[in-house]
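Visitor: Protein chains in written order, with the numbering used here: chain A, 1162 to 1484; chain B, 468 to 924.
No lab work stands behind these hints, which were simulated from the structure alone. Note that the Cβ used here is the ideal one computed from N, Cα and C, for glycine as well. Among the hints, erroneous ones may be present.
[Stated by the list, open to error] In silico PhoX-like links for lysine-lysine, alpha-carbon gap of 20 Å or less: (1) A:LYS1338 to B:LYS810; (2) A:LYS1245 to B:LYS625; (3) B:LYS810 to B:LYS625.
[What the hints assert, rightly or not] Covered stretches of chain A (chain B as the covering partner; in silico rule of three or more C-beta atoms under 8 Å from a C-beta of chain B): (4) 1232-1245; (5) 1345-1355.
[What the hints assert, rightly or not] A few chain B residues that face chain A, going by a derived Cβ cut-off under 10 Å, partial list only: (6) THR580; (7) GLY626; (8) HIS630; (9) VAL631; (10) ASP683; (11) PHE693; (12) LYS754; (13) PRO785; (14) VAL789; (15) SER791; (16) GLY891.
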Amino acid sequence: MAQTTRVSPAAAEGPGAGELVARGRGRYNVLTRYDRRVLAVMVGVPLLLDLVLIWWPTLTSVYYSLTNWDGIGDITAQNFIGLKNYTFLLSGGYFQFWPAVAHNLIWLAWLTFIATPLGIFFAVLLDREIKGSRFYQSVFYLPVVLSLVVVGFIWELQFAPTDGFINNAFGIAHSSKIIDWLGNPHINLFAILVAASWRHVGYMMVIYLAGLKSVDPTLREAAKVDGANEVQTFFRVIFPVMAPINTVIVVLTAIESLRAFDLAYIINQGKNGLELLSILVTNNSISESTRVGFGSAIAVILLVVSLGPIITFLTQAMRPARS
Amino acid sequence: MGEPEFEIPYTDLKLALDMGLSRRDILKIAAYGSLAAFIAACGGSTNTNTNTSITATGGKLAIGSYQSDSVPKKALADLVNNFSSSNGGTKVTINTVDHGTFQNQITSYLQGTPEDVFTWFSGHRMRFFASKGLATPIDDVWNAVKGNFTEGFANSVKGDDGHVYAIPSSYYPWAIFYRKDVFAQHNYSVPTNWDDFKALCAKMKTDGLIPIAFADKDGWPAMGTFDILNLRLNGYDFHVGLCTGTQKWNDPKVTAVFKKWAEIVPYYSPAFAGLTWQQAADQLLKKQAGMYLLGLFVSQEFLASGSQADLAQLDFFPFPHVGSQYDSEEALDAPIDVYMVTKKSPTLSANLGQAKAFMEYVAKGSAQTQFYVESPGAIPTANDADQSKYDPLTKKAAQIVSNAKRITQFFDRDSRPDFAGPNGMQQFLLKYLSNASADTTSLQSDMQKFWDSLGPE
Chain A
1162 MAQTTRVSPA AAEGPGAGEL VARGRGRYNV LTRYDRRVLA VMVGVPLLLD
1212 LVLIWWPTLT SVYYSLTNWD GIGDITAQNF IGLKNYTFLL SGGYFQFWPA
1262 VAHNLIWLAW LTFIATPLGI FFAVLLDREI KGSRFYQSVF YLPVVLSLVV
1312 VGFIWELQFA PTDGFINNAF GIAHSSKIID WLGNPHINLF AILVAASWRH
1362 VGYMMVIYLA GLKSVDPTLR EAAKVDGANE VQTFFRVIFP VMAPINTVIV
1412 VLTAIESLRA FDLAYIINQG KNGLELLSIL VTNNSISEST RVGFGSAIAV
1462 ILLVVSLGPI ITFLTQAMRP ARS
Chain B
468 MGEPEFEIPY TDLKLALDMG LSRRDILKIA AYGSLAAFIA ACGGSTNTNT
518 NTSITATGGK LAIGSYQSDS VPKKALADLV NNFSSSNGGT KVTINTVDHG
568 TFQNQITSYL QGTPEDVFTW FSGHRMRFFA SKGLATPIDD VWNAVKGNFT
618 EGFANSVKGD DGHVYAIPSS YYPWAIFYRK DVFAQHNYSV PTNWDDFKAL
668 CAKMKTDGLI PIAFADKDGW PAMGTFDILN LRLNGYDFHV GLCTGTQKWN
718 DPKVTAVFKK WAEIVPYYSP AFAGLTWQQA ADQLLKKQAG MYLLGLFVSQ
768 EFLASGSQAD LAQLDFFPFP HVGSQYDSEE ALDAPIDVYM VTKKSPTLSA
818 NLGQAKAFME YVAKGSAQTQ FYVESPGAIP TANDADQSKY DPLTKKAAQI
868 VSNAKRITQF FDRDSRPDFA GPNGMQQFLL KYLSNASADT TSLQSDMQKF
918 WDSLGPE
């Protein structure tokens, strides 16, 4: 910051520009009063927004989660029920809780082992500058531009049992072999995971492709000279070099699966095989059902689970670049 | 979750110009240079023609509406225009919000800065917000208009404290719909008892039809079948007890409902758990299905996807008797839609008179008839509604409701929302339907456990 101060033209116009201001007890402050004001605004405004928009809702959620408040009127002493919401949830008292946890985990596993590797695979292919790679790049990236709500509508049209594309393409829409992609609790989660992957693959592809482009080409050449084949080059040379990107990819995948909400909510409001933690929060606390305290407890559990990948992501992203 | 869709409300200026403010007037006002005069002219503070002390003319009124589909939305806009011109040019703004979003956000809506008047439902859903102090009682309005309503409607708008909180605007029955031409073609006759009903289902199946169209992706349609079977088998009192928690879900009487239901589930549309009610209605429309238990609003899908000729073929019959002592109640679900006055509206203190004038207006048969003609699918509630304007289906619908000795609203309007929601009753019924012939003991005990886990209301 001090470095910027010296060259900043704005600061130069300020009082005492370029001077080191003597402060009490013989300490010198490299920041002028003007600098400090600018600093206060630039740090203060984001900090205030952060406090109001992030920390306040988070802490109130934790607070609500200790109550049985119904969202109407004031919270009184009778509303406080301690950790009862948590013990009730974790002991399986709410029949939808553990299925929702399981579905979030399946979501995570699917994205980690199927969608993300596929995205990486596409990125590696496109990095080889094959013919029309720009075209393919756009095609795979297109779904990422769409909001998940739109993705949900698009795929609902594909999966709808009687008038959807898939069943009609296979000619089973009006036969006894009809497949209930959306209503069968054993398969509807995988149906919407296909929809989620449709978007996720493009997302991962673009991030990985950006990473691949920044890999030093001499590494490849060196590998070639040493007689490594394509597969060996990727797994022994490129992949390890890409370590920071790999972490980002893994963490983004984890975050994507924890915040999964839109698709399941569009299909059937998250029931009958599509229960997810985020949907339980919504359906319990900000729907017509007014179990704000209970829904907040689920939200806090989701928050605690999310902290793992979030902290990993931040430490990775904030780590100073090593030369 | 979908973003709330706030429609652009009426441009008030246009309305204000319509109320006799000519171009010259505006110039004159501008010449006076008095902003106050302009506001007064727009605001219509000339409340000279007040017939009763509780209502006020002119002024302003804000309405929060869930009528987000184009047809009812237009009908409400016209109703409001008529009200405005009959009420000294009251400047009305309508805030239309997507139907589902409006419902989901009702609790925060009513506690925040709601409009003065809002569209809502009768039943527990009305009484709940009334008892939480989020609605304004309108006994004075009701006293002025109650002669225009039957006893049943009078009961449907009373809160737990005995005060009146709503004006019923329309209602519709749930019944079994069918196509007259399909029944004529196959020589089917309308079944009146359970055995005939099942025999008809079996016959339809051999004729290559889906006997009963059914769709439950959205979770709520199945509640209609639960309601009617419970009413037929166990009677009105037990059903209401179950909805309100005085009866238990692990009662053998509930087991009997599930057992009876399992007899017709094999006749349902294939893949029903993935279909919307519109898709099932299309099966009936396209003569793929024989019957469909749904509300009168199924006619909307006939109009939207079919022709007027298709609509003319649509008919219905009440759910068959099941041979219990409660058959004679002829009970059915007939949900009532209402208008209510909010409590926390920031403009309500200024607009209460206009709000009450609007409530009086929507209690008029003429207003309800106008709405019905533009947006059929629900029946007017007022006694003096012009029944000659009803189509045959509506006339018959009004008939079966008046034959009913007991009327319920619908499960999600009669029971608490946290039980009836997607992660409660809707999920339980979907689970039941996925294997209807299985033993329901553990399902029922889960239902009761879930009910018991809900806090006090």
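Visitor: Each hint should be assessed against the structure and marked as holding or not.
Guide: Hint check:
no. : hint                  : result
1   : A:LYS1338 to B:LYS810 : violated, 54 Å
2   : A:LYS1245 to B:LYS625 : violated, 36 Å
3   : B:LYS810 to B:LYS625  : holds, 16 Å
4   : 1232-1245             : holds (count 3)
5   : 1345-1355             : holds (count 3)
6   : THR580                : violated, 16 Å
7   : GLY626                : violated, 15 Å
8   : HIS630                : violated, 18 Å
9   : VAL631                : violated, 21 Å
10  : ASP683                : holds, 7 Å
11  : PHE693                : violated, 16 Å
12  : LYS754                : violated, 12 Å
13  : PRO785                : violated, 28 Å
14  : VAL789                : violated, 27 Å
15  : SER791                : violated, 31 Å
16  : GLY891                : holds, 8 Å
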